[in-house]
Amino acid sequence: MVALDAAFAPAPLKPARRSWREHSALPGFGGAFGFTLLYVGLIILLPLAALAARPWEHGLGGVVDAILQPRTLAALRLSFLAAAGAAVVNVLTGLLIAWVLTRYDFPGRGVVDALVDLPFALPTAVAGIALATLYSPGGWIGSLLQPVGLKVAYTPVGVFVALLAVGLPFVVRAVQPVLEDLDASLEEAAQTLGARPLQTFSRVILPALTPALLTGFALAFARGAGEYGSVIFIAGNMPGVSEIAPLVIVTRLEGYDYAGAASVGLAMLAVSLIVLVAVNSIQVALSRRGSR
Amino acid sequence: MIPRGLEHRRVNSPTAVILVTLALAWLALIIGAPLATVVVEAFGKGLDAFLAAFREPDALASIRLTLLVAAIAVPLNAAFGLAAAWSIARFEFRGKAALLTLIDLPLSMSPVVAGLVWVLLFGARGWFGPLLEVAGVKVIFAVPGIILGTILVTVPLIARELIPLMTEQGADEELAATTLGAGGWTVFRRVTLPNIRWALLHGVLLCNARAMGEFGAVSVVSGHIRGLTETLPLHVEALYNDYDFVGAFSAATLLAGLAVVTLVAKTVLEQLIRAGQAVKPAQELAIP
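Protein sequence lines correspond, in order, to chains A and B. Numbering-wise, the first sequence is residues 1 to 292 according to my numbering. Numbering-wise, the second sequence is residues 1 to 288 according to my numbering.
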């Protein structure tokens, strides 16, 4: 009876059973989506599942022990502090470079603009051995710093210096398009109303750039915390002093301590994601305040 | 005409001179000096010493392996990027945001973690390790592991170029072609591909540069067997650790050259993409 009632009921205007996807006249969804899911599943999801599951082999205590071990803790602290410090410097220098590239015309501007992306394209091992040579006591910069008593190569400072290049393009490329699209009339209005250049910058331009600067900071930080190739040659890798977190993972793996290596890897990924999500929510809050 | 006085002023004020000088000095220190170091160290002992580095069989083997890995990883990631962009930018379905997040995830992953995960799966004590041992297949400390590590590190690069572009372009042209009776493959080849070709090439370029230069992920899964599982970046490391600095920097010059060529090609492509975007509205306006 129920079936008959349903059969004689007026046809609903919308399909009664809401599908998980909307209908489209375009073909090829099944194949493309199936391949996408298969690829994401095998290349991203399955490895991620292993990373999420393997640390707990010795229970929660095992994970806590693996991360709180002094050597690991020191390495995590160094990786994240150096990345945060370098990202702060990158925000300042990145803003300066983006500003100069968008506001001033000078010979070779196109070349400089392209060169900003070099840290994206240059293999990290190449940057690593170049930096180690440059800042070693006999290198171009290292020999200048030695009389002053400043040691960069084979110290924690080296980690920070290496990350200055790694994070720079993230900030420049986040800020540059916003600066290009900034409404010039706002600045003109501020100047007409008697604002000094510095006031115009801090009250008009900087607020508009804050979300982009935050994005740049987060990306530079996440990349810097996990950086390996450009850092290990210059760091010196002294356990507890200049050893970075990714190297602890490598060392653990060499000792077949899979659970310990996975614990450190999971912790690193978690911190990076937390920072990215936090920055994202700050931006949402900022844009809400701005639109009110 | 909008007053454009604030854009691209010539460098004439003292502030401008100071800012431009500071920016250029910083870039010279942070990017220029390391690049110059590579070249000077490579050619410091003369051209013969530089060339000798490429007569080593191990060096040639590492170049071959690097090319092989890129030749497998880049086309796979390109196919994935196209499939992902077609399904995400052309169809509405639930869970799209989650899928996008997953695709972006490798970007916030340390390269070492991107290598570690494959060891957790296929290493001697990995989930599938014992199974692979019975089957006699080696993934970790072998070429398949190197390929998997490279793919994971580079998987978002092409997809992230295509998804925003195709979303912005909309499905109108493809829908029109479908309505006129074109089959799916024809629509893709004749309508979609011409619209995204420069962006696709741009993504392939970046993906290739990263695939050939990847160090962290590959270092974890390679096992560093000379002549067998060493890619060019790993060969650079091995030579450097052996105090063969001329050899290390000579091999590094090859990689740095690849980076510079990539940057030049990328800049040219970006101009083509911008020109393409500028042409589009004009064409639409021409239709009465």
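Worth flagging that the hints you see were computed from the coordinates, not collected in a lab. Please note that a few of the clues may not be correct.
[Said to hold, decoys possible] Below, a list of computed lysine to aspartate or glutamate pairs in the DMTMM-like style, where the Cα atoms sit at most 25 Å apart: (1) B:Lys45 - B:Glu56; (2) B:Lys45 - B:Asp58; (3) B:Lys266 - A:Asp113; (4) B:Lys138 - A:Asp105; (5) A:Lys151 - B:Glu173; (6) B:Lys266 - B:Asp104; (7) B:Lys45 - B:Asp242; (8) B:Lys266 - A:Asp257; (9) B:Lys45 - B:Asp172; (10) B:Lys138 - A:Asp117; (11) B:Lys96 - B:Glu173; (12) B:Lys266 - A:Asp105; (13) B:Lys96 - A:Glu22; (14) A:Lys151 - B:Asp244; (15) B:Lys45 - B:Glu173; (16) B:Lys266 - A:Glu180; (17) B:Lys138 - B:Asp244; (18) B:Lys266 - B:Glu168; (19) B:Lys96 - B:Asp48; (20) B:Lys266 - A:Asp117.
[Unchecked claim] Listed next, with one range per pair, are the computed distances between beta-carbon atoms: (21) B:Asp48 - A:Ile282: 53 to 59 Å; (22) B:Ala265 - A:Leu150: 50 to 56 Å; (23) B:Tyr243 - A:Leu68: 50 to 56 Å; (24) A:Leu186 - B:Pro75: 42 to 48 Å.
Don't be surprised by glycine CBs; every beta carbon is placed ideally from N, CA and C.
Okay, the hints, checked on the actual structure:
no.: 1; hint: B:Lys45 - B:Glu56; result: 17 Å, holds
no.: 2; hint: B:Lys45 - B:Asp58; result: 21 Å, holds
no.: 3; hint: B:Lys266 - A:Asp113; result: 12 Å, holds
no.: 4; hint: B:Lys138 - A:Asp105; result: 56 Å, violated
no.: 5; hint: A:Lys151 - B:Glu173; result: 61 Å, violated
no.: 6; hint: B:Lys266 - B:Asp104; result: 21 Å, holds
no.: 7; hint: B:Lys45 - B:Asp242; result: 17 Å, holds
no.: 8; hint: B:Lys266 - A:Asp257; result: 42 Å, violated
no.: 9; hint: B:Lys45 - B:Asp172; result: 60 Å, violated
no.: 10; hint: B:Lys138 - A:Asp117; result: 37 Å, violated
no.: 11; hint: B:Lys96 - B:Glu173; result: 23 Å, holds
no.: 12; hint: B:Lys266 - A:Asp105; result: 22 Å, holds
no.: 13; hint: B:Lys96 - A:Glu22; result: 12 Å, holds
no.: 14; hint: A:Lys151 - B:Asp244; result: 24 Å, holds
no.: 15; hint: B:Lys45 - B:Glu173; result: 59 Å, violated
no.: 16; hint: B:Lys266 - A:Glu180; result: 20 Å, holds
no.: 17; hint: B:Lys138 - B:Asp244; result: 31 Å, violated
no.: 18; hint: B:Lys266 - B:Glu168; result: 21 Å, holds
no.: 19; hint: B:Lys96 - B:Asp48; result: 56 Å, violated
no.: 20; hint: B:Lys266 - A:Asp117; result: 10 Å, holds
no.: 21; hint: B:Asp48 - A:Ile282: 53 to 59 Å; result: 57 Å, holds
no.: 22; hint: B:Ala265 - A:Leu150: 50 to 56 Å; result: 39 Å, violated
no.: 23; hint: B:Tyr243 - A:Leu68: 50 to 56 Å; result: 37 Å, violated
no.: 24; hint: A:Leu186 - B:Pro75: 42 to 48 Å; result: 47 Å, holds
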